[in-house]
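Peer 1: Line order of the protein sequences matches chains A and B.
Residue numbering for the first sequence follows our numbering, beginning at 1 and increasing consecutively.
Residue numbering for the second sequence follows our numbering, beginning at 1 and increasing consecutively.
Just so you know, the hints here were simulated from the structure itself, not pulled from any lab data.
Copies of the same chain look alike in the list, so a pair counts if it fits in one copy or across any two.
Simulated crosslink set (DSSO-like; lysine-lysine; CA at most 30 Å straight-line):
#, residue 1, residue 2
1, K39, K128
2, K25, K62
3, K7, K25
4, K7, K39
5, K69, K7
6, K90, K103
7, K29, K103
8, K103, K73
9, K51, K125
10, K7, K103
11, K33, K90
12, K69, K124
There are 2 protein chains.
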Amino acid sequence: MFSNSVKYALKAVLYLAIHSSEDKKIMVKELNKPINVPKAYIAKLLQELSKQNIISSTRGIKGGFYLTKENSKQNLMNVIYAIDGDYRMKSCMLSLSHCNQNKPCPLHHIVSPMRDKLIEAFNKKTIKELSLEIEKGITFLPI
Amino acid sequence: MFSNSVKYALKAVLYLAIHSSEDKKIMVKELNKPINVPKAYIAKLLQELSKQNIISSTRGIKGGFYLTKENSKQNLMNVIYAIDGDYRMKSCMLSLSHCNQNKPCPLHHIVSPMRDKLIEAFNKKTIKELSLEIEKGITFLPI
DNA sequence: AACAAAATATGATAAAAATCATATTTAAGA
DNA sequence: TCTTAAATATGATTTTTATCATATTTTGTT
Numbered sequence: 001m002f003s004n005s006v007k008y009a010l011k012a013v014l015y016l017a018i019h020s021s022e023d024k025k026i027m028v029k030e031l032n033k034p035i036n037v038p039k040a041y042i043a044k045l046l047q048e049l050s051k052q053n054i055i056s057s058t059r060g061i062k063g064g065f066y067l068t069k070e071n072s073k074q075n076l077m078n079v080i081y082a083i084d085g086d087y088r089m090k091s092c093m094l095s096l097s098h099c100n101q102n103k104p105c106p107l108h109h110i111v112s113p114m115r116d117k118l119i120e121a122f123n124k125k126t127i128k129e130l131s132l133e134i135e136k137g138i139t140f141l142p143i
Numbered sequence: 001m002f003s004n005s006v007k008y009a010l011k012a013v014l015y016l017a018i019h020s021s022e023d024k025k026i027m028v029k030e031l032n033k034p035i036n037v038p039k040a041y042i043a044k045l046l047q048e049l050s051k052q053n054i055i056s057s058t059r060g061i062k063g064g065f066y067l068t069k070e071n072s073k074q075n076l077m078n079v080i081y082a083i084d085g086d087y088r089m090k091s092c093m094l095s096l097s098h099c100n101q102n103k104p105c106p107l108h109h110i111v112s113p114m115r116d117k118l119i120e121a122f123n124k125k126t127i128k129e130l131s132l133e134i135e136k137g138i139t140f141l142p143i
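Construct all of the structure, not just a fragment, from the sequences and the given hints.
Peer 2: Structure (structure tokens):
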């Protein structure tokens, strides 16, 4: 459902949500170990997220990646779509191109309601909310 | 969530459920076009399913693939696991190896209940039931 | 202004998944 | 028993995804 890249991206964004701010930028080399993702790989993903304004960055000395207040108000789905696009989440489970409510595939009635709920949940949940849950110890972001 | 291979396998199994029987075996070359899957590819998958007793087959002239009554009583999950194994369905959405109810990942509370329901539904639903729905025109198996 | 330290852009390489090809084995029918 | 038509076993090729590498640009500091 998620690509590896999205998994990494989500971990990185949540890490930034917890540890960074406009005054405390985080360099790739500080971030890759705690979230257990190869440095060059996460660097590329962060660059892409930055280009799409999901996260913020500044170059040069004292630079790094960080989340602004605005950034952290974004919902999960924005991060997911930025990396994977929407096909992965939205497409028919059997990849039948004409599958819809009128001409449902054999799995449609099983899968579709749950998937819709999942998408709705991802659309509602913000980065900020998730990061607060981690800070409160409700959820965890380990290896 | 599903590999391409599982998608193809499910389509093929459902096609066999509808069109085959012990008296009416279906050859690869008859089946690949209606379900829109490359011949050599689906052949390999059918061989694997046959080896795992998900479907039945006989070789030689008048041979082909088919489903016995027993075969069609199997549930969806058997087909899925036969091709993809269980990791894909069961693993943490962020691939965190220690994610569980006690140490849930940031997405666990969103994803886990729905995934469990999905797995339950796939475990309950048999090939036969799905194929009946297709035959009744409740669902469709087009391209 | 020059330097150093960071992200950025670009693309190369490696690994995995998807796809294709073919020689071998088996079963039915003449 | 020979031939033919099917699955089977095996593995090669292609495509996609994941991973790694590096030259360039930018920015703060001296």
